[in-house]
Amino acid sequence: MEAVRATEIMVAAGARELRDGQTVVVGLGLPQVACVLARRTHAPALSLLLEIGVTNMNPVDTPIGLADSRIFYRATCWSGFLDILGMNLHRGVVDVGFLGALEIDRFGNINTTLLKEDSGKLRYFNGSAGGNDVASLAGRVIVIMRHEKRKLPTAVAHLTSPGFPGGRSRKDLGLRGEGPQRIITDKAVLGFDRGTHQATLLSLHPGVELQDVIENTGFRMETPKTVPATPLPTPEELRLLREEIDPKNVYLG
Amino acid sequence: MAKKSQTEKLCSLEEAISRFVPDGVSVAMGLQLESMIPFAAGHEIIRQDKRDLTLIGPISDILFDQIIGAGCAKKVVAAWVGNVMMGSAYNFRRAIEDGIPRCLEIADHTNFTIALALHAAALGVPFLPTYTAGGSSLFSRNHGLAEFEAPFTGEKMGAVRAISPDVTIVQAQRADAFGNAHVWGNLGASPDAARAAKHVIVVAEEIVEPKVIASDPNRTVIPGFLVSAIAEVPFGAHPSPVQGFYNRDNECYREYHKATKTRQEFETWLHDWVTGVKDRKEFLQRLGEDRVNSLKVRKHAWSARADFGN
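Those protein sequence lines, which keep their order, are chains A and B. At position 9 of the first sequence the residue is numbered 9 (our numbering), and the sequence of numbers has no breaks. Numbers in our numbering are just positions in the second sequence, counted from 1, shifted up by 1000.
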């Protein structure tokens, strides 16, 4: 069998964060792959909500792709923002939210808006979309992203979506949910300390050295004495990912 | 406000834009995110060289980027601006980073705060409360958001100021000549934006008899009495998808990304696909019959019939 790719470890780790019967708000990309994988394995009763107003899509011929009506095939409900982001997410019945990030800092604050170049010039990217809403309101937030030093700074250049701003309690800021709980990268899985709200190392992907992760993380991070290995995807998970969920390598490639 | 009774409002897209999108107004569009974006209407706005518009919409994909690049916009009120498939939108970045072709003001939202802002206007209230966005940079970059202490509970909450667009442009699958519009698929913030606006322009794939609309009234997302103008424009949302009519033209978003990296390249693109083109019909001819046909829905999936009898 072909060697296991980092993206496959990432989506399998993401899938394992989900419990059967949970309600999840998910965006396109690796998070969506992780959710579909969970639903096809241990969590068949997972409810997947897309912020645009799609509940439990069942795509047949193009399982994963861009925001195309083909992907939303056989959804059980089509509604809109007020339903998904309001009457589900805002009401507090969404267990898990998945997000990506341009930058995420040690307190789990996310930037998807702009970066400051060394010259001081601002470089704009895209903004929050529904990211801030998921970060503010979901029960647990899981971030999936590439592990690069510049993407993991001590403090984000712009706080698009809140984790634990200033290391403060979310409740004091009027936020709901437990906030960011995991950062799943192509090298490791990070968690957050319940007391300090700072990111800590939970596991290293097989073959990744601790030093590599430390050097590629922009903030100082608590590391356990012995770091466990992130579990590899099972053969069945790999088969599902490669043959059925993303055979064209739209996201896993 | 002019009374919009049960009268025919069918007109050309050119006339609809000319009458209801004067310079300086705020325009909401692209309210269903990646689906059903009124590109034909946006291109008509560019052709008529509208100025000083405020664009309102959650993300709009590349439509806002095109209108910004054409110099028609002075402000964007949005949760996200870019090319969903490719990431950055170059005209947006040139405008906001370097003031090219003109300076652009931006009011940052999240998808939910912009939906709430439109919902507030649709309800006729000045603001709505929310828990979202606490502690984020949003509050410093958008004067329409403020922290306040909630009555009754004393909680710290965010207040989202109502947004009432001068005109909302909604893409629909079908509508009758009175503007009653059937829309299906993901609706995003469309129903709220239509009810929040002073005027609504409906751009429909096809105009049908009123009895078709009345046969399935639950599918009427925009009732005609709210509508000021209705235009029939087949493939009016291309390259975005319209459920039941055509799929997303992914290649178009890739091409646009490649063809707009520099200002000069964008000007060529704009001439080739917008200003040098008379209307959507000519745009589709330029796109080519094969490509247009390849996007059409072929594997139909009809809904079950619903009995509205008595």
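Note that these hints are calculated values from the structure, not bench results. Cβ coordinates follow ideal geometry from the N, Cα and C atoms, glycine included. Some hints here could point you the wrong way.
[Stated by the list, open to error] Here are the in silico distance ranges between beta carbons for each label pair:
| # | chain 1 | residue 1 | chain 2 | residue 2 | range |
| --- | --- | --- | --- | --- | --- |
| 1 | A | Arg123 | B | Ala1259 | 35 to 41 Å |
| 2 | B | Glu1267 | A | Pro231 | 38 to 44 Å |
| 3 | A | Lys116 | B | Pro1129 | 31 to 37 Å |
| 4 | A | Thr226 | B | Cys1103 | 52 to 58 Å |
| 5 | B | Ala1301 | A | Pro235 | 50 to 56 Å |
| 6 | A | Arg91 | B | Phe1139 | 52 to 58 Å |
| 7 | A | Lys116 | B | Glu1206 | 17 to 23 Å |
| 8 | B | Phe1139 | A | Gly195 | 35 to 41 Å |
| 9 | A | Lys116 | B | Arg1298 | 30 to 36 Å |
| 10 | B | His1271 | A | Arg123 | 47 to 53 Å |
| 11 | B | Asp1216 | A | Ser119 | 41 to 47 Å |
| 12 | A | Lys116 | B | Pro1217 | 49 to 55 Å |
| 13 | B | Asp1272 | A | Asp193 | 30 to 36 Å |
| 14 | A | Ala3 | B | Asp1290 | 49 to 55 Å |
[To be verified] Partial list, derived from the structure: chain A residues whose beta carbon lies under 7 Å from chain B:
| # | residue |
| --- | --- |
| 15 | Gly53 |
| 16 | Asn58 |
| 17 | Leu85 |
| 18 | Met87 |
| 19 | Tyr124 |
| 20 | Ala129 |
| 21 | Arg146 |
| 22 | Leu210 |
| 23 | Ile214 |
| 24 | Phe219 |
| 25 | Met221 |
| 26 | Thr223 |
| 27 | Val227 |
Practice problem: Please flag the earlier hints that this structure goes against, numbers listed from lowest up. | Solution: Checked against the structure, the hints that fail are numbers 1, 2, 5, 6, 7, 8, 9, 10, 11, 13, 14, 16, 18, 21, 22, 23, 24, 25, 26, 27, while the rest are satisfied.
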